[in-house]
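If you follow the hints, you should be able to join the two separate chains into one complex; please do so.
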Amino acid sequence: MVESLPTARARPLSPHVQVWRWHVTLVASILHRATGLGLYLGLLLVAGWALALASGAEAYSDYTGVLGSIPGKIVLAGITVCLFFHMANGVRHLVWDFGKGFKPATANVTAWGAFAFAIVAAAALWIVLALKGAL
Amino acid sequence: MAQHRTALGRARGLGSAKTGVGHFIGQRVSAVALLFLGLWGAWSAVTVASGGFDGAKAWLGSPVNAALLVLVALTGFYHVRLGTGVVIEDYIHKPTTKAALLILNTFVCLGAAAVTAICILKVAFGAGAA
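Quick note, the sequences are listed as chains A and B, same order.
Each residue of the first sequence is one higher than the one before, starting from 393 at the first, in this note's numbering.
Each residue of the second sequence is one higher than the one before, starting from 45 at the first, in this note's numbering.
These are computed hints drawn from the structure, not numbers from a lab.
Yeah, the Cβ is synthetic: ideal placement off N, Cα and C, and Gly gets one too.
Heads up, some of the hints might be wrong.
Said to hold, decoys possible - What follows is a set of in silico ranges between Cβ atoms, one per label pair, in the way DEER data are often shown:
no., chain 1, residue 1, chain 2, residue 2, range
1, A, TRP414, B, GLY96, 44 to 50 Å
2, A, LYS495, B, ILE136, 30 to 36 Å
3, A, GLY460, B, LEU154, 26 to 32 Å
4, A, LEU405, B, ALA111, 43 to 49 Å
5, B, GLY59, A, PRO463, 43 to 49 Å
6, A, HIS485, B, PRO107, 28 to 34 Å
7, B, ALA111, A, ALA402, 50 to 56 Å
8, A, ILE422, B, GLN47, 38 to 44 Å
Chain B on its own, in the form it takes in the complex (with noise of 0.2 Å):
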């Protein structure tokens, strides 16, 4: 069977899925973002860190710090979703655990992000529980 093949019929499927090159651009710029956002993060953890539940509120209340730490959950989820699949790909070989971790990781970083964009929104508006 083997030696009736081509050498490209041989080689098809083992290598690009031509795919990759929009992987590592939104790796990219999504660091980009990150390095910027973590900064802020970290230094607003500080202020978030020293204010308690009024003072959490308070701050979530300024349209600015909403706004950023909604980019945090989005571009942060993206960002360690990719990873996260490359961690996956290079370490799990066998096919059906490699896919359902993938689907898994997929799941849980868009889950969280929504639901931690739709907790930030909910706070911003003054809807959240006293």
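Same shape as in the complex, but just chain A (with noise of 0.2 Å):
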């Protein structure tokens, strides 16, 4: 809205990226919303295996033969770690929301905490599918 008026002065804007000192917490800030952009792809290729299997047995071969390849599987790896960060730093989120886990140094554990999660259960789920021999 400031754009349609051209006698208000200029808002003044929060400091910027270029302004912080990088540290655990802006990390994990900034891995929320990329990771949330990631899952977007995530549910629309959740969208596309359901139209492959509502379209017959040849269209879900081809399309699990896609997502099987390996820039098929890069793909998948990425965004089962995406989701499962997102997942922990969500809830990092709605104990915020409740006034709780603001101290720093609760704050960096807990984004350490999210990191952790994220890359083990990614693991764990990309082991149990290999033992299951889905891959």
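Written as structure tokens, this is what we have:
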């Protein structure tokens, strides 16, 4: 709306990325958005999966063939990490909504915890996939 | 011109549009739902990935699986539309581009959610092509 008011003074801008020292909580915050956008792609892939399944065996085999290729697996692995990071960091956000967990030391630990959960849970999921012979 | 406007007149339109609370609550309620749906979905992906076409059809033949996957699609695309909308509003400042992307975001999410739900129901009701 500022653009439509030529007489208004320039509004103050909040400090942006370049003025902050890199820190684990900053990385977690940025990655929450990035992984959320990654999950947009993930949901679209679920939509494609449902469409392929409803279109018959041939379409399904083509679709899972693309997802099962090396580039497909890399994308799916990335989406798995996105899912578990966004999930863990989302829980951090829900706790913050109750006014808890804001102490720097606590926020640092929970940020590292979200990274750890993302890696461990994604690795566990892919190990189970491999053990079940689904790769 | 500017000096004839009151402080209130200048402030109007720059603050809350009185619709933010619905967005805030919707984002969080869907987040809580997706916490459970996401865990279920990740676990289900393992089952479906190892079953092939017939296995996937049989899996969706279970009403619980079909219902939960419809909920994943509806809740997921709702949540992702809200989140992506905020990202667009934050980083795209040109009003026409911003409006176009917000509308595109809504269309993609609604369209994909509808297609996903219909496809799931089609397979679940046994009408899927052989």
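Consistency of the hints with the structure:
no., hint, verdict
1, A:TRP414 to B:GLY96: 44 to 50 Å, "holds, 46 Å"
2, A:LYS495 to B:ILE136: 30 to 36 Å, "holds, 34 Å"
3, A:GLY460 to B:LEU154: 26 to 32 Å, "holds, 29 Å"
4, A:LEU405 to B:ALA111: 43 to 49 Å, "holds, 46 Å"
5, B:GLY59 to A:PRO463: 43 to 49 Å, "holds, 47 Å"
6, A:HIS485 to B:PRO107: 28 to 34 Å, "holds, 33 Å"
7, B:ALA111 to A:ALA402: 50 to 56 Å, "holds, 52 Å"
8, A:ILE422 to B:GLN47: 38 to 44 Å, "holds, 42 Å"
Violated hints: none; the structure is consistent with every hint.
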